[in-house]
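Let chain D serve as the given structure and place chain E on it in line with the hints.
Protein chains: 2
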Amino acid sequence: MAAAAEAAAGSGPGSQPPAQRRLRILSGHLQGSPASRAPEAERFLSPSQCRAGGAAEQPVASTIPKKRQEILKWNGWGYNDSKFIFNKKGQAEFTGKRYRLSGMVLPVLKEWMEKTLGASLEHKITSRAFLNTSDVPPSIVNEEFLQDLRATKISYSQEAEDRVFRAHGHCLHEIFVLREGMFKRIPDIVIWPGCHDDVVKIVELACKHNLCIIPFGGGTSVSSALECPADERRTIVSLDTSQMNQILWIDEKNLTAHIEAGIIGQDLERQLGESGYCTGHEPDSMEFSSLGGWVATRASGMKKNIYGNIEDLVVHIKMVTPRGVIEKSCQVPRMSTGPDIHHFIMGSEGTLGVVTEVTIKIRPIPEYQKYGSVVFPNFERGVACLREIAKQRCAPASIRLVDNAQFQFGHALKPQVASIFTSFLDGLKKFYITKFKGFDPNELCVATLLFEGDREKVLQHEKQVYDIAAKFGVTQTYDAGACVYFYFAFNYRGISDPIHVYEQIETAAREEILANGGSLSHHHGVGKLRKQWMKESISDVGLGMLKSVKEYVDPNNIFGNRNLL
Amino acid sequence: MAAAAEAAAGSGPGSQPPAQRRLRILSGHLQGSPASRAPEAERFLSPSQCRAGGAAEQPVASTIPKKRQEILKWNGWGYNDSKFIFNKKGQAEFTGKRYRLSGMVLPVLKEWMEKTLGASLEHKITSRAFLNTSDVPPSIVNEEFLQDLRATKISYSQEAEDRVFRAHGHCLHEIFVLREGMFKRIPDIVIWPGCHDDVVKIVELACKHNLCIIPFGGGTSVSSALECPADERRTIVSLDTSQMNQILWIDEKNLTAHIEAGIIGQDLERQLGESGYCTGHEPDSMEFSSLGGWVATRASGMKKNIYGNIEDLVVHIKMVTPRGVIEKSCQVPRMSTGPDIHHFIMGSEGTLGVVTEVTIKIRPIPEYQKYGSVVFPNFERGVACLREIAKQRCAPASIRLVDNAQFQFGHALKPQVASIFTSFLDGLKKFYITKFKGFDPNELCVATLLFEGDREKVLQHEKQVYDIAAKFGVTQTYDAGACVYFYFAFNYRGISDPIHVYEQIETAAREEILANGGSLSHHHGVGKLRKQWMKESISDVGLGMLKSVKEYVDPNNIFGNRNLL
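Chains as they are written, first to last, in this note's numbering: chain D, -7 to 557; chain E, -7 to 557.
These are computed hints drawn from the structure, not numbers from a lab. Some hints could be false.
Since the list can't tell identical chains apart, any single copy or any two copies may satisfy a pair.
[To be verified] Only pairs whose alpha carbons sit at most 35 Å apart, straight line, appear in this in silico DSBU-like list of lysine-lysine:
no., residue 1, residue 2
1, Lys463, Lys245
2, Lys449, Lys429
3, Lys429, Lys245
4, Lys193, Lys523
5, Lys463, Lys102
6, Lys75, Lys107
7, Lys406, Lys107
8, Lys542, Lys59
9, Lys102, Lys75
10, Lys176, Lys245
11, Lys245, Lys523
12, Lys80, Lys65
13, Lys527, Lys362
14, Lys65, Lys75
15, Lys245, Lys527
Because the structure is a prediction, the values reported are computed rather than measured.
One chain only, chain D, in its complex shape (with noise of 0.2 Å):
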């Protein structure tokens, strides 16, 4: 259900116009030198220079406000203004106007949910419009630490919906829990820093009155990772780092820039375009997600073929602990010096302190782009080619495999058509795949397909790629394995238990791929939903070292999300 959703709110990122204000760019100083390092921050920074206080510069508006719910859905994915309606000829529309379906009728997509899922638009169940804001658990906090947050001048909220915006991520529990009824636990007040050093005074206040902290960040988490534990019998922040949200440097010598963790990912992209650069990571969840929930959730992105994952791109780390500031003196892709402690903080999903700074690797805009499509008589096929193209290690920078289920629900997407001639092409085309091609329509499956780089590799690349395609009947090897992404939904009409059949159906298949060697991969953690499957896959001894490294940083839990361990 909430995948669905996801893959709609994928399509592109929203339109607003930047904000003008001009970027630290630095270049040219360290002319002649042998080894990237990093500029001397204290150059450039002005860490005191927090918004509260009034920084030189104009700070950029991020595209999500501070109050979420002015453009967010209380109780879904995506924007308010973006959703699936159906219209009084009763087809299906999607509404608002940010992505390419926007404003779109999908005239076939009733008759798929009709034959898929055995849905129907007599049987609707209505979820509750709004908050109910007297459901909502009530704010306990003490006094005293109020006074002493009073005083730094640091923004904060109690108030109900922006207490439960930042009680869940996306998982389909906590969405249904939304639509149904309400969580136990909440957090009792949300802070908004405006710098790391906002985030040290709230560390310092927390660990002063033993309170507990959950680090948000742009709350896409399918983990359960922002869930308050339900027994916390201490005030419970939510540590939103939304407005830590600026690019305070960029180093067009060395190609890195350092940036603010909360930054979400359609602005950090936007930004860094109208300098001409990019830094390639584009997890399916960037429109939302943020720079510091990639690092401390360890995230992969689509393209990562070419870029890398979090961890290839992170040239250095701040990170505010109970027990101090974790960072490494020095701005340098690579040290053999003992074990990398970046290695420590990613993956660490909040347990052992906020992260608020990241100096990241950007490149130019890649000159050229192209999307491209292969089709397959069927799914093995289609298997054999990407690994063929993996072992002649020529993957694009980005390649997906799709089947026919999901090849089948893109079709039931497709928006009516604005002219006879397209559909005539379009019938054509089909005509020329099922029947020409003789492949079966309800066995082929497509790999899409997407180029970057200059012009003319770009083209290069196309053509080694579709010669291996033009083949696509060599099994050979794979070499760095294959991300599998389900999308699952099912028609709940009539069961009692909708969330316990699906979590069954998550744990099984969850299961079976552990027992065929798998892992769970990709940009979305462990939380508290995928704990028991952690401990298995890292024997007692690795589990023991990481809860070693989290009693020293954290000794009273006040980072007490309780995911990972």
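Positioned in the frame of chain D, the structure of chain E alone reads:
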């Protein structure tokens, strides 16, 4: 001093014929599986088949014998038979048959040494030719432990020579001690486990009898990592992994190989090569350094532009610690399930346990290899060109910029020419570079290049790089930093404490690097030599995290080499 020897020894691996035997090759067993999963180890491994237990297949012998003294220098780098001498005519020669330079006269080396270092053949310092075993500290080993050890049937030695060979790496001061004095503390006993299970037994016995274990792989450390702490009063066990050196399986479907960690680089690449594969990991020390050592020190290799560093190559690690065996339960290339415990192991430098088995990515041997070089008028132009190559992301497998001093040293190692005609061509080339192009021979520098891949791509790639080199005026970005090698030699005649002078210079250089935002990289690690540097670079909290892991995994400091922390 050590550096010059290393440069020569690094010019090519030995050429012993490989022993005949058959590898377990897996293929096709995961036909059609979309994810790169590991084979179920039980099906292919027989962990109890240690050599001692009589393996079904004949194990492959290593190039380096168990008694290292049979072919290695006791007080220098490399093989006994490969060294520089001066012949009756006073000309330098390189002895032996192992390398391209072997058996050749180097007519200009003497002049270079006289001119550059102020050295003279008149002033010889004769070091001791043989180890005097009466200088060696006695072996003190508890009889109860020896009884337990004998019961395991694991091979061991208390002989002076075996112990001295494992008391050091190849730091300048270590070699100096061997030539002019003796170590105060050396291992009391050398033990050679034959497999993972043997290591488990040894670690159990060490815990039972409270001994100190120092793992020993290839002995190529240049960080004092192998030195015994002078005040260690417990029995010191040198756990020599060299007899755990078998490739246990090769998985051709997923392109991985599972290998015992004691294998040395030259054996690994030669044996994989017999099946058509390579790892591509080539640290300069690969002739002698071991797979386990690469993992324990977070090694980098000279072809990392294509193949990655050790952390990019490793898929699975098995390590024996006093707390138990650490390993993940699955063999997938990447997970997003909390911090990656492999990163607690990589860089641990023998302080947590012994790496016993590693699964590593392999690749088909590249179809085509091509070496090349480019000459620049001066070092700055060379740097500019390399930056541009990095920015355009077309760095070859290996690219090294050699400054004028090293260029001149390279010329000093030139062997006597075979014919007048070659000499004539050589003269022409020199004339072309120094006169026609107008380059000053005391200013010019050279980039050495290595391209690898399929033939057509190598040629395209080469053209792209040479096109850039032809411009070499553009100063631009360096995306991932450079690794700067320093070769350092001086003539210590007349200096009363040359080691002290050397160390002062080295420390000053290191501090200069740190002050300029640099780092210690490549495969050399921290050991004991660079502890202070590490402490400064990762902050107190970072160090505290590493200590908390150490305290959990090894509370009694069995792995007591005192590296890192």
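Quick rundown of the hints versus the structure:
Only between protomers do lysine 463 and lysine 245 lie at most 35 Å apart by alpha-carbon distance; the minimum there is 19 Å, versus 43 Å within a single protomer. For the identical chains of this complex, lysine 449 and lysine 429 are neighbours both inside a copy (30 Å) and across copies (33 Å), given an alpha-carbon limit of 35 Å. Taking the shortest alpha-carbon separations for lysine 429 and lysine 245, only the inter-copy value of 30 Å comes in at or below 35 Å, while the best intra-copy value is 52 Å. Taking the closest pair of Cα atoms, lysine 193 and lysine 523 come within 35 Å of each other both inside a single copy (31 Å) and across two copies (32 Å).
In this assembly of identical chains, the alpha carbons of lysine 463 and lysine 102 never lie at most 35 Å apart, being 37 Å within a copy and 61 Å across copies at closest. In the homo-oligomer, the alpha carbons of lysine 75 and lysine 107 lie at most 35 Å apart inside one protomer (21 Å), although the nearest pairing across protomers, at 80 Å, exceeds that limit. Taking CA atoms no more than 35 Å apart as the test, lysine 406 paired with lysine 107 passes inside one copy only; the shortest distance there is 16 Å, against 79 Å between copies. In the homo-oligomer, the alpha carbons of lysine 542 and lysine 59 lie at most 35 Å apart inside one protomer (32 Å), although the nearest pairing across protomers, at 45 Å, exceeds that limit.
Taking the shortest alpha-carbon separations for lysine 102 and lysine 75, only the intra-copy value of 15 Å comes in at or below 35 Å, while the best inter-copy value is 81 Å. For a Cα distance limit of 35 Å, the shortest separation of lysine 176 from lysine 245 qualifies neither inside one copy, at 51 Å, nor across copies, at 49 Å. Only between protomers do lysine 245 and lysine 523 lie at most 35 Å apart by alpha-carbon distance; the minimum there is 31 Å, versus 42 Å within a single protomer. For a Cα distance limit of 35 Å, the shortest separation of lysine 80 from lysine 65 inside one copy, 23 Å, qualifies, whereas the shortest one across copies, 89 Å, does not.
Taking the closest pair of Cα atoms, lysine 527 and lysine 362 never come within 35 Å of each other, the shortest separation being 42 Å inside a single copy and 47 Å across copies. Taking CA atoms no more than 35 Å apart as the test, lysine 65 paired with lysine 75 passes inside one copy only; the shortest distance there is 10 Å, against 75 Å between copies. Taking the shortest alpha-carbon separations for lysine 245 and lysine 527, only the inter-copy value of 28 Å comes in at or below 35 Å, while the best intra-copy value is 43 Å.
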